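Since the structure of chain A is provided, determine the placement of chain B on it from the hints.
If you read the protein sequences in the order shown, they are chains A and B.
Okay, so the first sequence: first residue is 90 according to the numbering used here, each after it adds one.
Okay, so the second sequence: first residue is 21 according to the numbering used here, each after it adds one.
Calculated from the structure, these hints are not laboratory results.
Since the structure is predicted, the reported quantities are computational estimates derived from the model, not experimental observations.
Treat the hints loosely; a few may be bogus.
To be verified - Within a straight-line C-alpha distance of at most 20 angstroms, the following computed EDC-like cross-link-like pairs (lysine to aspartate or glutamate) qualify:
1) A/K150 to B/D154
2) A/K134 to B/D154
3) B/K157 to A/D221
4) B/K170 to A/E107
5) A/K127 to B/D61
6) A/K150 to B/E31
7) A/K139 to B/E39
8) B/K35 to A/E142
9) B/K134 to A/D130
10) A/K150 to B/D61
11) A/K139 to B/E60
12) B/K135 to A/E136
13) A/K117 to B/D185
14) A/K127 to A/E142
To be verified - Reference listing, derived: stretches of chain B covered by chain A, where coverage requires no fewer than 3 residues with Cβ under 8 angstroms from a Cβ of chain A:
15) 42-49
16) 61-73
17) 127-134
18) 144-155
19) 165-174
20) 177-186
Claimed, not checked - Derived CB-CB ranges, DEER-like:
21) B/S75 to A/S119: 53 to 59 angstroms
22) A/A171 to B/T88: 35 to 41 angstroms
23) B/A171 to A/L113: 20 to 26 angstroms
We put the beta carbon where it would ideally sit given N, CA and C, even for glycine.
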Amino acid sequence: MEKYNQDDTFLARWISGELSTEELNEFKKSKDYALLTKINDASQKLESPKFDEQVQFQRLKSKVFNPPKQDKKVIKLVPNWAYAVAASVIITFALFYALTAESHFKTGFGEQLAVVLPDNSKAQLNSNSTIDFKSFNWKNNRELDLNGEAFFDVEKGKSFKVITEDGVVEVLGTEFNVIARDHYFEVRCQEGKVKVTSIAANEEIILLPGKAVRIINNKAERWEYNVNEPNWLLGESTFYNTPLSQVIIALENQFQINFDASKIDLSERFTGSFTHKNLKLALKTVMIPMDIFYSADSNNKIILENLND
Amino acid sequence: MNIETKSVCEENTYKLIFEAHSKSLFNFIYYKCGDIEQAEDVVQEAFIKLWNNCSNVIYEKAKSFLYTVARNLFLNEVAHKKIVLQHKLASAPDRTDETPEFLLEEQEFMIRLKKVIADLPEKQREVFLLSRIDKKKYSEISEMLNISVKAVEKRMSQALVTLRDQIGNI
Chain A
90 MEKYNQDDTF LARWISGELS TEELNEFKKS KDYALLTKIN DASQKLESPK FDEQVQFQRL
150 KSKVFNPPKQ DKKVIKLVPN WAYAVAASVI ITFALFYALT AESHFKTGFG EQLAVVLPDN
210 SKAQLNSNST IDFKSFNWKN NRELDLNGEA FFDVEKGKSF KVITEDGVVE VLGTEFNVIA
270 RDHYFEVRCQ EGKVKVTSIA ANEEIILLPG KAVRIINNKA ERWEYNVNEP NWLLGESTFY
330 NTPLSQVIIA LENQFQINFD ASKIDLSERF TGSFTHKNLK LALKTVMIPM DIFYSADSNN
390 KIILENLND
Chain B
21 MNIETKSVCE ENTYKLIFEA HSKSLFNFIY YKCGDIEQAE DVVQEAFIKL WNNCSNVIYE
81 KAKSFLYTVA RNLFLNEVAH KKIVLQHKLA SAPDRTDETP EFLLEEQEFM IRLKKVIADL
141 PEKQREVFLL SRIDKKKYSE ISEMLNISVK AVEKRMSQAL VTLRDQIGNI
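If we strip away everything but chain B, and leave its shape as in the complex, we get:
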């Protein structure tokens, strides 16, 4: 048991925090702004701030510190782009029972879905993607966004409704 509180100023601890949270943080920002470079910069910036304040931030609070800083940094950034998501290169089985028509249809559906997601309002999109891609629990998302779980659930439901309505319209 590690009762002793780890100091964020320890290089190793700092690295652990980076490994644990940098990717989520990056996704979180990317879902907001759709700009890879900007998201990377915000991650850098947030971690620099964490290092500069390492003596004031206890290990347990590092995560929420990072998200708060990232959110605040993001408030100052203005540029928003359409997010571009990749289709996971799932190791497709060699053979499939599905017909070529079905596969084509499937592919079309994916393209439509990506477009509709990109068009979602930012608040709905970030919740939806954090849940579906990053597999975050609602409680985790509520912590990241600094909103209530209930609000996360509402946004999630709204996102699904919007997607359902929009995907038929294309």
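Only chain A is shown next, with the shape it has when bound in the complex:
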């Protein structure tokens, strides 16, 4: 073995001329010396690719010096804290909305709508009615606002309140019907037990199944009805000794019609029912027993007149 094969820096030192004379002389005798010298000589004739310093510096200049002040501070158009503020405002509003948002349901003329409340209680809206309630924390705060007529099937739980302009109906799991419209307030209890607080009559009334109450002229009027008789949920509105004014409103809401009732006495009472399916039949069943003549005028208004006059 030649020395340069064992010493792993020997050749490097030979290239750089660091070998001692003895080492060099010995190396010159070896068989690889000629080839290695040839490699060394030839490799020094090689050159690397052209590198145009001028061009490269120009290229660099355009990148480095053109933006003249590289330490110019970048001021953000929108500072960071603004995002934080915006986010917290949004969160605040979102929370506020979530906590106070009211679900709103409304029916138009002739429409009915079944609303499932957050605790699976059901509210069925008759035509032209609205309910509003807050979904948030519904289980502990079962309150809703009603304007119009609705039938409630309430799941068991804490007190369930229907708040109307004229009074509050409060129950603990039951089925009942409420009408609260234009200062007319009527509650029918279908099942369970219902407590009605009338604002106008300043009275608390407890209703058992089949019992109903209405507030007229600031007085509570109680009556009984048959819980099995068809009600508006089945396509028929039933009335018991109800002021004609309410019956006419019910007709108007159901069929989207207008009455001119200026010539009749609206305080008369009506007992009976009308179907939702047929306007003519409904008019007949209400007006004929009441001795009222009805005719349509040019504006599609239905004029009501007493037959006796």
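Leaving out everything else, chain B in the frame of chain A:
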């Protein structure tokens, strides 16, 4: 005597640094990757970094800064090509005593050598070429590569052994 430390942020100083080191830096990268454009880009990138950090880098450290940046940039680059070296157009003497056969043989040898160099492992190749083409001392190479002189010498010797073995095999 210039005792005052030159600021790299001075345009003139910066230009001096470029003139002094850009070509070596370019070769250094080229010997690694064999891609002219990539090597040029790395040089640009390294000098841009130098400019952006000019207030943190003192003049004396600019060179090692450049090589460190270039090495690091190169770590991120992946593409490697075979390096292509040119035969120096030495101003050949008008007449030569050498026979045409000898010249032909010589030319063939150069072609073989270039191929064998291109096939060298990167670590051996860069040391060998920095030494033979750029005429860098081992100490300079060790600084560029951030390794010891001893390691440079070993790589150089290995390169020669590899070349010797390979050139016979072609």
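Now the hints, each set against the structure:
Pair hint A/K150 plus B/D154 does not hold up; C-alpha atoms about 26 angstroms apart against a cutoff of 20 angstroms. For a cut-off of 20 angstroms, the pair hint linking A/K134 to B/D154 stands: about 11 angstroms separates their Cα positions. The straight-line distance between the Cα atoms of B/K157 and A/D221 is roughly 89 angstroms, outside the 20 angstroms bound, and the hint therefore fails. Between B/K170 and A/E107, the direct Cα distance comes to roughly 13 angstroms. Compliance with the 20 angstroms bound is thereby established for this hinted pair.
Distance check on the hinted pair: A/K127 and B/D61 sit about 35 angstroms apart at the alpha-carbon level, beyond 20 angstroms; violated. The straight-line distance between the Cα atoms of A/K150 and B/E31 is roughly 10 angstroms, inside the 20 angstroms bound, and the hint therefore holds. Taking the CA atoms of A/K139 and B/E39, the gap is near 14 angstroms; set against the 20 angstroms cutoff, the hint holds. Of the pairs offered as hints, the one joining B/K35 and A/E142 holds, with about 11 angstroms between alpha carbons and a cut-off of 20 angstroms not exceeded.
Proximity of B/K134 to A/D130 is assessed by CA-CA distance (about 13 angstroms); at most 20 angstroms being required, the pair is judged to hold. Distance hint between A/K150 and B/D61 is fulfilled; the C-alpha atoms sit about 14 angstroms from each other, no more than 20 angstroms. With a C-alpha separation of about 11 angstroms, the suggested pair A/K139 and B/E60 falls inside the 20 angstroms cut-off, and the hint holds. Restraint check for B/K135 and A/E136: the C-alpha separation of about 14 angstroms stays at or below 20 angstroms, so the hint holds.
Of the pairs offered as hints, the one joining A/K117 and B/D185 holds, with about 18 angstroms between alpha carbons and a cut-off of 20 angstroms not exceeded. For a cut-off of 20 angstroms, the pair hint linking A/K127 to A/E142 is broken: about 32 angstroms separates their Cα positions. Only when three residues or more bring their CB closer than 8 angstroms to a CB of chain A does the claim for the region 42-49 of chain B stand; here the count is 4, and the claim holds. With 6 residues having a beta carbon nearer than 8 angstroms to a beta carbon of chain A, the region 61-73 of chain B meets the requirement of three or more and the stated coverage holds.
Counting residues of the region 127-134 of chain B whose beta-carbon sits less than 8 angstroms from any beta-carbon of chain A gives 4, enough to reach three: the coverage restraint holds. Counting residues of the region 144-155 of chain B whose beta carbon lies closer than 8 angstroms to any beta carbon of chain A gives 6, which reaches the threshold of three, so the coverage claim holds. Counting residues of the region 165-174 of chain B whose beta-carbon sits less than 8 angstroms from any beta-carbon of chain A gives 4, enough to reach three: the coverage restraint holds. Here's how the region 177-186 of chain B fares: 6 of its residues keep a CB closer than 8 angstroms to some CB of chain A, so the rule of at least three is met and the hint holds.
A hinted range of 53 to 59 angstroms holds for the C-beta pair B/S75 and A/S119, which are about 55 angstroms apart. Checked against the hint of 35 to 41 angstroms, the pair A/A171 and B/T88 passes, with Cβ atoms roughly 40 angstroms apart. At roughly 24 angstroms, the beta carbons of B/A171 and A/L113 sit within the given window of 20 to 26 angstroms.
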